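Please build the complete structure, drawing on both the sequences and the hints.
There are 4 protein chains.
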Amino acid sequence: MKAQNYFNNMGVNLDLAVEAHELLRGDAQREVAGVKEKKENHDFCSVTTISILNPQGEAALNKPQGNYITIEAPELRFNDSRVQQDVSNVISEKLEAMLKNFKLNEEAPILLVGLGNWDATPDALGPRVINSSLVTRHLHKYAPDAVQGGLRSVAGLAPGVLGITGIETAEIIRGVVERVKPSLVIAIDALAARAVERISTTVQLADTGINPGSGIGNQRKGINQETLGVPVIAIGVPTVVHAAVFAYETFTNVIATNPNLRNHLTQEMVENGVKEILKPFEGTLTVTPKEIDDLIDRTSKTVALGINQGLHPGVGWEEALAFLH
Amino acid sequence: MKAQNYFNNMGVNLDLAVEAHELLRGDAQREVAGVKEKKENHDFCSVTTISILNPQGEAALNKPQGNYITIEAPELRFNDSRVQQDVSNVISEKLEAMLKNFKLNEEAPILLVGLGNWDATPDALGPRVINSSLVTRHLHKYAPDAVQGGLRSVAGLAPGVLGITGIETAEIIRGVVERVKPSLVIAIDALAARAVERISTTVQLADTGINPGSGIGNQRKGINQETLGVPVIAIGVPTVVHAAVFAYETFTNVIATNPNLRNHLTQEMVENGVKEILKPFEGTLTVTPKEIDDLIDRTSKTVALGINQGLHPGVGWEEALAFLH
Amino acid sequence: MKAQNYFNNMGVNLDLAVEAHELLRGDAQREVAGVKEKKENHDFCSVTTISILNPQGEAALNKPQGNYITIEAPELRFNDSRVQQDVSNVISEKLEAMLKNFKLNEEAPILLVGLGNWDATPDALGPRVINSSLVTRHLHKYAPDAVQGGLRSVAGLAPGVLGITGIETAEIIRGVVERVKPSLVIAIDALAARAVERISTTVQLADTGINPGSGIGNQRKGINQETLGVPVIAIGVPTVVHAAVFAYETFTNVIATNPNLRNHLTQEMVENGVKEILKPFEGTLTVTPKEIDDLIDRTSKTVALGINQGLHPGVGWEEALAFLH
Amino acid sequence: MKAQNYFNNMGVNLDLAVEAHELLRGDAQREVAGVKEKKENHDFCSVTTISILNPQGEAALNKPQGNYITIEAPELRFNDSRVQQDVSNVISEKLEAMLKNFKLNEEAPILLVGLGNWDATPDALGPRVINSSLVTRHLHKYAPDAVQGGLRSVAGLAPGVLGITGIETAEIIRGVVERVKPSLVIAIDALAARAVERISTTVQLADTGINPGSGIGNQRKGINQETLGVPVIAIGVPTVVHAAVFAYETFTNVIATNPNLRNHLTQEMVENGVKEILKPFEGTLTVTPKEIDDLIDRTSKTVALGINQGLHPGVGWEEALAFLH
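Chains as they are written, first to last, in my numbering: chain A, 1 to 325; chain B, 1 to 325; chain C, 1 to 325; chain D, 1 to 325.
The set of hints was computed from the structure by calculation and includes no laboratory data.
Misleading hints may appear alongside valid ones.
Pairs involving identical chains hold if they fit within one copy or between any two copies, as the list cannot separate such chains.
[Unchecked claim] When the alpha-carbon atoms are kept at most 25 angstroms apart in a straight line, the in silico DSS-like pairs for lysine-lysine are as follows:
| no. | residue 1 | residue 2 |
| --- | --- | --- |
| 1 | Lys-141 | Lys-221 |
| 2 | Lys-275 | Lys-2 |
| 3 | Lys-141 | Lys-181 |
| 4 | Lys-181 | Lys-221 |
| 5 | Lys-221 | Lys-2 |
| 6 | Lys-103 | Lys-38 |
| 7 | Lys-36 | Lys-100 |
| 8 | Lys-100 | Lys-38 |
| 9 | Lys-103 | Lys-141 |
| 10 | Lys-2 | Lys-36 |
| 11 | Lys-181 | Lys-38 |
| 12 | Lys-38 | Lys-221 |
| 13 | Lys-103 | Lys-36 |
Values in this document were obtained by computation on a predicted structure and should not be read as measured data.
Set out below in structure tokens:
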């Protein structure tokens, strides 16, 4: 079956570049034109950097030109602080590198934005990360002595969602950016994965910001350099798999193990069957682990640790952990 | 494919008697031996009563002898107070009838127990219902004048879950029952459905209490007359569909529309395919709508309204609604 | 003793105009120059309108020129829906009148802002009111058919506080106002009262917005026509009494009942005594009822009911109540 | 003025033994009959042990015979982990000593009970401590291999309050104790202090359990060896000062600085003046710092750290901190 067709027909985006790339490249020897892939290993995680180099690569992966760094740590699901520390260090390192690429030094003020709805559990990742972030802008303004020692000016915002405020998140952020004038925005969002094992065990950093249609909240407008006037780094963690995608994966898996079925079971059959099942809830069905609240709690803290380490030169792992507590 | 085999092999119970019955009876003309089914219609909901009459029926449906009343209201998903009122009235009416069958009059004190984990969204239904319930036992004890006028003595408890307290819920409830000596216990729990459209639109009342293995919290011990020494009415609302079941339904649907597949696609293929997909999360994957928090909030209030109306003779719809607010 | 001196020396503002006026006028026959007072009675509440007419009145009451409407309903503390309805109707009526004075018709879009910190109980009133407000701007934009029938375009925001976002609330609001361009802003805030009986039983509407130093959050910048470029209506409910003020009131009360003491007990003695007691917590001590969470919950719903009735022509008491539930 | 008379007339208990003792002994050379006091100093806290030795001492301090250990750490108000560690170590050490006195070894199973109402901020300390406690009883039962290595069997419960469950907390606890059969119960509760600087900076451990009338929740029945049949250790942290007591302290302070006033200002005047101020809220007025939510959050974690260290032989500060996070 052709997965890309299926996803298009079911109205599903692949938020993770590493999954969009896997889908396209498959087992092919040759890399996708206009795309470069680099892998590295750490103690408890592996890091894949997908770089989209030109319009050709953009069209292929349906994502803008730029760098997509995916940190995968299957053991993040458990309560192991060594894993948390490793992932946090990598997030920190990659964030610092991205800031350097944007030619931003330690003085550059940054605005953190936690996208999503605090009251809808799988969509609450962004606000939770803000909740654990080290915010210092007011200290820089009103108590500058307190922030000697490697604390960058960082502000943090959780703007809610369109259905609750009546205002597009991108509009709120734009209004605040125009007043506060950060040099960069970091937007944190909940994503949808294709593979269930990526739920809460994967962190994606993209220097292209948030694009229209991405995330489980389904942003109408982009949150990126184009709409805000400053560079935007997007940090995303998958918290769900769309039910339509999950169903597809089970069919794909069964066919892979029983190749004869290919002659009898068509993509159209699968699409129609799944569409009918999903009809009552109009496609908002998602697959999550029962313990999703705990997982989001844990992973949002890990992301916050990495952000705090990465943005503040004076904050290493020990200090970041102490702050969190 | 034989659904019952599949569910057994995947370790899945059908919490809803109406689904266990559908599975067994299918389109057969004859009723399942030892089982009786009765249907009635209301303005915004339909009510199916499955009565298991003897050990034969027990074995067939894998549920104890007794009555299982299922209220189905597809429009409960939306914010329509007429639907809420209809369902609340039916819950009230059926509860009153059950109390009568247990020969309990207005003086009989009742203990409400909300099973589940307040902090795990799909499992929080029980505690939320308790949160909206009209609890009066302390008034009966300390301010008896305040409760002239049709307020029964009702107590309410949310005992948490084994993983958080370290104590089996059944043990906590038993200890409290022995001190408080209610004439009846009503246990409210979150269930798993087979069909996604039943999520948050279905309420099951069973006069057999909670049986081992039921509910999404998977009770180790039963909470019933046998373990507590008093009759137990179980009220359950499905908040999830097990991912294994959802996958099965999609296959079943595709095969139903394309009967040729029956020759090529076996149950074993489906079981193995699904087991492999679920491995990372060891089977705790569930399918829920993205807006599950809102749905649980709404449905728990509807159930509480019905309980408050049904238990307190002086409380009708208007009073119950006023209390909730 | 001279209360105004005491309050100045202890760094305390009187947020309620009706209290500032009482303090100044006392039992005097003559009205304070530049100030007009009007009283009216309703079934369950009384309404006092203080109008500051000129710079003389401004200087006297230390508040900007404009109208300050205080609704006082001692029974709001209890769970009586008739009181709630009466207060809600009055809020609605006064809001409509203020909109008229600002020459705003039904088409004029409005932005609601809930000031305060959701996580600090006495300061959470603003965000809680937003939580219960009928927000429609997105419907006007994306589903205009749904909003035929008397629903004004209303947006709602809870911007948090400086210590959490690192951004002055006034800056966030200004940025959003510049993008969203409402015709008017309504800012809801928690206040400090002088008299404990006003806690949660009083609602103040002021057509002058929020002034620097007001509210228990102590706004650094004003949120008013001057800073935002659009008219601002401030709605405030006292949730605390400053401990310094409470102490003063007890002394005042004892002296009033035992006038001899006036010769022996000076204001300086009281000031020094109170300052010393408050030193450990540097003056952030407040007096609240133990059941403050419940009171704020109830009063924030009443305010939201009044706002929803007042802003949306098609929404009367019944509709507002139904929406809340 | 005679403070004890005042407190009696205003219906106020002194929960902290160290304050009851201060009140009685004052500056007297001689110790109160039947009472012994011992003091020790640590890096960031001081520890006062009041031992009530006989019925004479009981009558004097209005508390049962036993030991009352008060840990005072003024810097606990700030976010300093060295202070938190010091206090946690002392709690741990004193708990271990109390267990030894009760002749309980490492095998003895313990039940933790967090008294209070999760939804009333100043009363939420108990439930919050349970939330951060290391509960292991279920592991001992179902996964005994996991608990080799110094983890005692500990269960945890937060039974709510009479007004919410309709059941006296003591009854719920008794019912659970009869089923679970712990060797000891540790009950954690929020207290009222006399001095504002003790709010959230003081921890009291008493081997006499919880006595009727104590705590800000005002227990009707005791939770102690007498009512439960097992020893009870009570751990309390003051989160409020009663407004009546605060008022009294300001008068006392003013009189102390201006002794002439003693001739003119009587206790009766103060009592009447304060009673009148408190009338609207019938005495449920309390004094707390504005930032009470943060303080309770921090102090409840410190108490949980100390409990986890003290109960589990294999858990030291590092492990306790890691668990908390």
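Hint-by-hint comparison with the structure:
| no. | hint | verdict |
| --- | --- | --- |
| 1 | Lys-141 with Lys-221 | between (32 angstroms within a copy, 14 angstroms between copies) |
| 2 | Lys-275 with Lys-2 | both (17 angstroms within a copy, 23 angstroms between copies) |
| 3 | Lys-141 with Lys-181 | within (14 angstroms within a copy, 28 angstroms between copies) |
| 4 | Lys-181 with Lys-221 | both (20 angstroms within a copy, 18 angstroms between copies) |
| 5 | Lys-221 with Lys-2 | neither (29 angstroms within a copy, 47 angstroms between copies) |
| 6 | Lys-103 with Lys-38 | within (23 angstroms within a copy, 62 angstroms between copies) |
| 7 | Lys-36 with Lys-100 | within (20 angstroms within a copy, 62 angstroms between copies) |
| 8 | Lys-100 with Lys-38 | within (19 angstroms within a copy, 60 angstroms between copies) |
| 9 | Lys-103 with Lys-141 | within (24 angstroms within a copy, 39 angstroms between copies) |
| 10 | Lys-2 with Lys-36 | within (23 angstroms within a copy, 48 angstroms between copies) |
| 11 | Lys-181 with Lys-38 | neither (34 angstroms within a copy, 46 angstroms between copies) |
| 12 | Lys-38 with Lys-221 | neither (30 angstroms within a copy, 50 angstroms between copies) |
| 13 | Lys-103 with Lys-36 | within (23 angstroms within a copy, 60 angstroms between copies) |
The structure fails hints 5, 11 and 12 (numbered hints given earlier, in ascending order).
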